[in-house]
Each structure stands twice: as structure tokens, then as C-alpha cells.
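A.B. asks: So you can see what is in the structure, the chains are spelled out below.
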Amino acid sequence: MTEVSVAKESVAATDDLVVLKDVNKHFGALHVLQDIDLTIARGEVVVVIGPSGSGKSTLCRTINRLETIDSGSITIDGKPLPAEGKGLARLRADVGMVFQSFNLFAHKTVLENVVLGQVKVRKADKAKAEEKARALLDRVGVGTQADKYPAQLSGGQQQRVAIARALAMDPKVMLFDEPTSALDPEMINEVLEVMQQLARDGMTMIVVTHEMGFARSAANRVVFMADGRIVEEATPDQFFSNPRSDRAKDFLSKILHH
Amino acid sequence: MFDFLEGYDVLGAFWTTVQLTLLSAVGSLVLGTLLAAMRVSPVPLMRGFGAAYVNIVRNIPLTVIIVFTSLGLSNIFGVALGAADDFDTKFFRLAVLGLSAYTATFVCEALRSGINTVPVGQAEAARALGLSFTQVLTLIVLPQAFRTVIGPLTNVLIALTKNTTVAAAIGVAEAALLMKEMIENEAQLLLIATIFALGFVVLTLPTGLLLGWLGKRLAVKR
Ligand SMILES: Nc1ncnc2c1ncn2[C@@H]1O[C@H](COP(=O)(O)OP(=O)(O)O)[C@@H](O)[C@H]1O
Ligand SMILES: [Mg+2]
Chain W
1 MTEVSVAKES
11 VAATDDLVVL
21 KDVNKHFGAL
31 HVLQDIDLTI
41 ARGEVVVVIG
51 PSGSGKSTLC
61 RTINRLETID
71 SGSITIDGKP
81 LPAEGKGLAR
91 LRADVGMVFQ
101 SFNLFAHKTV
111 LENVVLGQVK
121 VRKADKAKAE
131 EKARALLDRV
141 GVGTQADKYP
151 AQLSGGQQQR
161 VAIARALAMD
171 PKVMLFDEPT
181 SALDPEMINE
191 VLEVMQQLAR
201 DGMTMIVVTH
211 EMGFARSAAN
221 RVVFMADGRI
231 VEEATPDQFF
241 SNPRSDRAKD
251 FLSKILHH
Chain X
1 MFDFLEGYDV
11 LGAFWTTVQL
21 TLLSAVGSLV
31 LGTLLAAMRV
41 SPVPLMRGFG
51 AAYVNIVRNI
61 PLTVIIVFTS
71 LGLSNIFGVA
81 LGAADDFDTK
91 FFRLAVLGLS
101 AYTATFVCEA
111 LRSGINTVPV
121 GQAEAARALG
131 LSFTQVLTLI
141 VLPQAFRTVI
151 GPLTNVLIAL
161 TKNTTVAAAI
171 GVAEAALLMK
181 EMIENEAQLL
191 LIATIFALGF
201 VVLTLPTGLL
211 LGWLGKRLAV
221 KR
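Order-wise, the sequence lines are chains W and X.
The opening residue of the first sequence carries number 1 in my numbering; numbering runs sequentially from there.
The opening residue of the second sequence carries number 1 in my numbering; numbering runs sequentially from there.
Chain X extracted, bound-state conformation (with noise of 0.2 Å):
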């Protein structure tokens, strides 16, 4: 019965799934908490460039973003990070840098309601210890407001995997390419698309448990 996947690599696809994954949730989850830092920051050009960046990048469909880092950034302005001979990796790490800079707009907005539920006491008195702007922000706020947006930040994780088959859109050989590949040779669609699903379910499913359990575990008594 599952013959036809004898000559595919399906881990091999949801491998390359994963990697976009973990590398783009990385990149999102510094980008975003850089963001979330400026639209909090009491320079108004930071907080002005934060807002902008968000509600553009986050109102522009992520097919056009990852299009735009491929034969935008790609063709017409030549970057190549670091590996302009060599395709594959290349259109991998634009797809990452896409993806990356799409999500930070979610993250930032989860980690900006979080940091409004932080008690203004919290900042003023560590402001009034001598703490600077930016200790105040990475030693005090910014860890209670994580610990209480690890539900949405599970969300936006969640969403990103599935996202990252928006990069067969540039041919990142990763889950979703390979299915419509294997769709087109193969007389067995219900089944590959089965298959395919369940992959996702498999590696989102568990994500969601573990962070849910993390999240209770950390939460912030008041």
C-alpha cells in the first residue's frame, strides 16, 4: 500500500520543515523582542519605526515577503548570505529571513499585550533602584511579560510552522514541495495529503503541550 513512497525523501522534506522552523522562530523571537523593546522605548523615533515596521509587514500576505526576499533582495540587490553558489542554501536562508522578519510582527504584538500586564510598580521601582532603561526592560519587564504570553507566543510558534510552506513558493525543498511533487506522480492523493497532515500534527501537537505545561509552570504569582 505505501509503495509509492519508495524514491522520496519524506523526512528528509519534514527535516528541512524543522530547521526552517526552529531557525525562523529564533530569528522571529529576537527580532520580535527587539521591536516590542522599540515601540515600549521613550525615544519616539524607535517607537515610530516599531510601529510602522509592524503594521506593514504584518498587513503584507507572507507569499509576497518570501517572493520579495528571493527575487528581490536575491536577483535584483544580489544578496546571497553567504552562499551565492550554492541554491539550495540560499533560498533556505532568505526563506528564514523571511519568515523570520513576518513573525516578529506577531511576536512583537504577544510580547507588547504582555508587557501591559506588568504592573507599572514593577518598572518605577527598579527605576528608582538606578536601574537603566535597558536593564529595567531585559532584567525586570520583559521577563514576567514572556512567562504570561507563552499561550499566544505557542500560537504564533504554531502558525510558523505551518507557514513554512509558503518557501516551496521558492523552491526551499521542505514538506509542502514535496507533497505537491509527490501528488503530481503519484495516483494517490487522499493518502499523500494524509500523510502530509499528520506530519504537521505530529510536530505541532506536542509543541503545543509542552509549552501549555511550561507556561502554567512559570506563570508569575501576584
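Isolated chain W, as found in the complex (with noise of 0.2 Å):
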């Protein structure tokens, strides 16, 4: 284990934050999410791997219901999943998302997309929220591009604008799903290095992504799936160097080979 996360489990607290219970899901005949355990307590950085389909982006987009499930149970923070309205609004708001394809709203300034959710859904008042705003753009590194719009950005400006609307609404748990995989190269560390230091500030984060470098230093857990399932579940260390299934030897090997 590395020296980043044993620091990350001393300020952990042992309470669970999100709890999946026997989850499936169909889509149609595809049986996409099957028997589905995870616990991730509040502080914890989970990193999701597996080959393409098997289920990451399902699972991520199941824990704040943008999908919904077939059977089981998925409570955040002690209370189940509501099914619609209200409260399912409200959930969501606790749970901070940020897709692959950033998805800033396209006729927004880079500013108006922070303050969007804190004064619609957290009826924060306007000033207050273009001030926290603000701060939040500083700390991402694009303070400076709060005027301009989604498409005026590199892609890897346009993803910590994402990340910093997400963390605008004060979210208990975020969830990251292949944030760099949309990026040229040259935009990746920018981006990891802005996830790196909010693991390090506390923040319980479920992470799909491939980047090695990343699980290592942030992560306190792999978790790697396979069609559906749950395969395996590990330290990065104990993951990267000594993995048990031969699903995930074999993945690494082409992840590794290239």
C-alpha cells in the first residue's frame, strides 16, 4: 500500500457510505449487473476496472438511478434509494457525477454551470453561489475561464469545470466514470491531479477508470468486474502485482502491453 493511502484511511471514518446489496440488472436478455456487493465506507476511494461492457458505467449510473434496478438494495449514507420525485432529486444532489463526455450544458458560461444546481436545487442565493463558484473554478485551475463557454475549452478545462459543478453542490460521495478517457494525453494528468488532491482532502470517490498510476496513488481499493460481476477486489498493490482471477491477469496483460 502506498504511503497516500495508508494517510487517506487515517482520516477515513469507519462508517459505510454507500452499500449495494445483491443488485441486478437486465438490459433486455443482458444480464448487465449480477449479484452485485459494495460497500464503500466514507472517505474510501474505490477504483472500478474491468474490460469494456462489463458493466462500470451501469453500475456508477445505478448508484444515483440514472439506471434503474431489477433487485436489491442501494442505501447512501443509511437511506435507500428513492424511487422518483423529490427525494430522488435531493439524493442526487448528494451524489456528485462526472461522465467521460463532461456534458457541461452547452448554452452555459463555464461560471453559470457552477451556479446552476446550488441556486435551483440548493435555492442558494445567487451571489453567494457565483462566489463559491468562483473559488471552486481557482482550486480546479480555470478561474481565469469563468466567462467563457464549453466549447471555448480543451477538454481537459472543460472536465474540471465539470468536476468543479459537481462539487458545487457539497456531494457526499462522487462518482467518476472514465473521466480521462475522452482526453488527448497531453490533458489526462491535469485532470487526475485535480481527483489525486481531492482524495487526499476526504472526499469518497468510486473512480471507472484504467489509469494504473492513479489507482495507485489514490485509490484504497480495486475493484475489477468482468461481464457483470464482481471479480475481484483489492489493495492496488495486491491487485496490480499479484491478481488471483485469470479474468483480471489476462486484462492486465493487454492493459499492461501497450
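No wet-lab data here; the hints were simulated from the structure.
A hint or two may mislead.
Stated by the list, open to error - Residues from chain X that face chain W, not an exhaustive set, calculated with beta carbons under 10 Å:
# : residue
1 : A125
2 : L131
3 : K221
4 : R222
Glycine included, C-beta positions come from ideal geometry on N, C-alpha and C.
With the hints in hand, could you dock these two chains into one complex?
C.D. replies: This is the structure:
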């Protein structure tokens, strides 16, 4: 285990923040999530890794109910996911989500993107929301871009704005679905650095990524998925240097050889 | 040469046309947006109603709808829209109602095609922030959809301007009714028709140019 993750564990409280129990989901005939049991403690950083199509995105999306589940249960901070309506909206506000394709609101400026949720969901005062938005944009290193539109920014800048937009809601947990996969190589690090800092600050994070450097330096645990199942869970060092399952060995040999 | 114009209020008639157009434009924009919202709503009953309304009303000739609002609504059901004693106002308002109800179907379908051009990620990101369905629609999806369909909506507005002539069928004193009256009274068929044709071009051409410019300016960059 690396120094960073040891340091993080001392920060982490012991209580469970996100609990998935026996979760199953189908897309038609495809059993995309099979008997998923996963518990994430407050302050923990979990990296989800696995071949394309193994259900990683779907797993992420069920946690804030962008996808429904067929059976099982998901609780966040002790409360089960509401099915719909105001309760669901409130829950989603507590769960930050960062997408592979950024999904910044194209017709709004960078600042407006970060202000919107605070004002419309959290009912924050507009001036306070702007102040907070500017502070967050500074924190992720795009403070000078506040008045531009998303299309005027590089991919790396857009993704950092997307992180600021999610952080503006003061989420209890942040979900990242392959946040650097759509980026040019030279922009990957600027996003990973922001995420690493977030992990050091004690944010609970679920990160789908194939960035092993990030997993080794920031994650407490690696969850390996294949064909809709969690095949293996281990510390980053254990997983990368000594994977137990054949699926994981096979997968790692493929991503290590390019 | 233009002596025959004396005694006719051509400008007044075109003013009525403009009023019919503007009021019906606002009415159909509001109703059309509501219908589009229904058609993309998660509630099956709403979607069904929206689809049924559009598919029925869009396929009825406008003349029939206008006659229905005046004869049907007014004469049979006694709907007077607050102007029971003033025939002109009553039929003007009924014409606006009929034009709005009809044009709304085209606004709805134009908007719906615009909604389809907005990437699903936009709505997902909005939902993930905790915005409600109505907020997602009004704050994120519709503003982007409107910008992409300013062109098609301009066509709808131009069609509406010309469709106001159908209101002549229930005696609303707009341009087409006056034209008919003048053609019957004066021996100047070609000239009168030309004047009225020009009048409509003067109304619609600048609208098209202005909205075309606006559409380019407001286009959402991705
Ligand atoms: N909305 C959907 N409808 C039908 N099938 C889907 C849908 N979303 C994902 N899938 C399928 O579910 C499987 C898992 O997808 P996903 O969770 O995106 O995997 P990953 O993120 O690990 O690549 C894939 O086979 C994919 O084609
Ligand atoms: Mg994926």
C-alpha cells in the first residue's frame, strides 16, 4: 500500500456511505449487473476497473439512479434510494457525477454551469453561489475561463469545470465514469491531479478508470469487474502486482502491454 | 390610378392581420411548447394526449377548425371569450384561438425535432445535479432545442401569417376579406391582388431575414 492511501485511511471514518446489496439489472436479455455486493466507506476511494462492456458505467449510473435496478438494494448514508420525485432529486444532489464526455451545459458559460445547481437545487443565494463557483473554478485551475462557453475550452479544462460543477453541490460521494478516456494524452494529468487532490481532501470517490497511476496513488481499493460481476477486490498494490483471478490476469496483461 | 383605394382601409385590414398573426404566434408558441413537453414527458398519459392532439389537429383543414371555433364553440356551446355583445371582437378572438390550436401542432413538432438534437448527456448531467423533470426541460433542454429550430419555427410563423387569411371565412376584417370586397366592387383585379400580395411579402420577408440572423447568432456551439 502506498503512503497516500495509508494517509487516507487514517482520515476515513469507519461508517459505510454507499452500500449495494445483491443488485441485479438486465438490459433486455443481457444480465448486465449480477449479484453486486459493494460497500464504500466514508472517505474511501474505490477504483472500478474491467474490460469494456463489463457493466462499470451501468454500476456507476445505478448509484444515482440514472439507471433503475431490477432487484437488490442501494443505500446512501443509510437511506435507500428513493424511486422518483423530490426525494430522488435530493439524493442526486448529494451524489456528484462526472461523465466521460463532460456534458457541460452547452448554452451556459462556465460560471453559470457551476452556479446553476446551487441556485436551482440547493436554493442558494445567487451572489454566494457565484462566489463559491469562482473559488471552485480557481481550485481546479480554470478560474480565468469563467466567462467562456464550454466549446471554447480544451477537453481537460471542460472536465475540470465538470468536477467543479459537481463539487458545488457539496456531494457526499463523487462518481467518475472514465473521466479521462475522452481526453488527449497531454490533458489527462491535469484532470488526474485535481482528482488526486480531492482524494487527499477526504472525498468519498468511486472512479471507473484504467489509469493505474491514479489507482496506485489515490485508491484504497480496486474492484475488478467482468461480465456484470465483481470478480476481485483488493488493494491497488495487491491487484496490480498479484491478481488472483484468471480474468484479472488476462485483463492486466492486455492493458500493460500497450 | 390608385383612386379606387379611396374609402377602403387597407392599412387597417393589414393591422388586423398583424394582430391575428402576433397573438396566434404567442398562443401557438405557448401551447406548442406545452404539447412538446407532454410528448417527451415520462408520464404515458401525457405522451398519449400530446400525440393524439398533434395527429388529429394537424390533419384537419384550417378552414374547418376556424369554422368549428366560430360555429361550433360560439353558436352551439356559447363560448364568447368575454365578448358576447361585440361580434367583431368575439370572432377575432375565436380566430386567434383556432389559429393557435392549429399552429401549435407545427410548433410542437418543430420543437420536438429540436429536442432530439440535444445530446442525452445534457439532460443526464442536469438530472445528476438533482434538477426535476420540469427544470431539466425548461433550463437545459428547451433553451438549446429552441435555438436549433429557429429556422423551422420561422417557416411556421410565415405560414401562420398567410393562414390568418382563413379568418375571413368567419368574417374577421383582415386583409383577405377586404381584398375580396374590393375585387367585387372595383374593376381592378390584377392591381388589387398585387397590392395585397405585396402587403404579405412586406410582412413576412423581414421576419424571415431577422429570424435567420437571430438563428445564426444564437446557435449553440458544441
Ligand atoms: N441503455 C442500454 N440499453 C441496452 N444495453 C445497454 C445500455 N447501456 C449499456 N448497455 C450494455 O450493457 C453492457 C454494459 O455496459 P456498460 O455498463 O456501459 O459497460 P462498461 O462501462 O464497463 O464498458 C454492454 O454490453 C452495453 O452494450
Ligand atoms: Mg463505460
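A.B. asks: Hints first: check each against the structure and report whether it holds.
C.D. replies: Hints and how they fare:
1. A125: With Cβ-Cβ at 4 Å, under 10 Å, it holds.
2. L131: holds, 6 Å
3. K221: holds, 4 Å
4. R222: holds, 5 Å
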